Amino acid sequence: MRKFKGRIVTPGTCTAEALVSHGGLNTLASFQKALQFGDKTATCGDQNNPDLYGKQMLGKALCLPQTIGSTTGGLVLYCACAMKRQPACMLFSNHIDSLAAAGAILADVWVEDVTMPVVDCLGDEFLDYVKDGMKITIEEDGTVVVE
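As numbered in my numbering, residues 26 to 172 make up the sequence shown, in order.
In silico DSS-like cross-links for lysine-lysine, where the CA-CA straight-line distance does not exceed 27 Å:
| no. | residue 1 | residue 2 |
| --- | --- | --- |
| 1 | Lys-109 | Lys-80 |
| 2 | Lys-160 | Lys-30 |
| 3 | Lys-80 | Lys-156 |
| 4 | Lys-65 | Lys-80 |
| 5 | Lys-160 | Lys-28 |
| 6 | Lys-58 | Lys-80 |
| 7 | Lys-65 | Lys-109 |
| 8 | Lys-160 | Lys-80 |
| 9 | Lys-80 | Lys-28 |
| 10 | Lys-109 | Lys-156 |
| 11 | Lys-65 | Lys-156 |
| 12 | Lys-156 | Lys-28 |
| 13 | Lys-156 | Lys-58 |
| 14 | Lys-30 | Lys-156 |
| 15 | Lys-109 | Lys-160 |
| 16 | Lys-160 | Lys-65 |
| 17 | Lys-109 | Lys-58 |
Note that these hints are calculated values from the structure, not bench results.
Predicted model only: the values in this text are computed from it and were never measured.
Kindly produce the complete structure, drawing on both the sequences and the hints.
As structure tokens, then:
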């Protein structure tokens with residue numbers, strides 16, 4: 026078990042199974058099936074991300090360095106939350122980008138009965154340590170426990 030301390034972007038606690046990407050998350054390509062074609066499990070549709078492609082993101086602790094892609098990124102995250110097809114939480118080894126932060130914060134403020142805690146600045150050691158299937162717990166102070 027290891028603990029990592031990050032910066033809280035959107036508050037909350039949760040426990041979920043890790044899903045890890047060592048490359049950036051293209052939010053539009055990843056969530057397109059969930060948002061446009063009714064995929065209720067939010068299966069990652071980004072063929073350029075071999076770590077996530079074809080895997081269910083719904084309810085997972087999505088561990089990644091950063092998001093990449095177009096300016097729709099924040100809207101995509103907001104819509105995923107509004108449609109209840111979001112990861113359980115998002116954990117960034119780097120600083121979150123402004124677009125992803127905006128989407129997560131707007132969802133936190135505007136979408137009722139949906140939480141998606143987001144923590145960034147967890148460091149490269151976090152992403153090197155965590156593996157798919159590990160148990161992730163986010164504590165209220167932004168501490169991320171990986172078991």
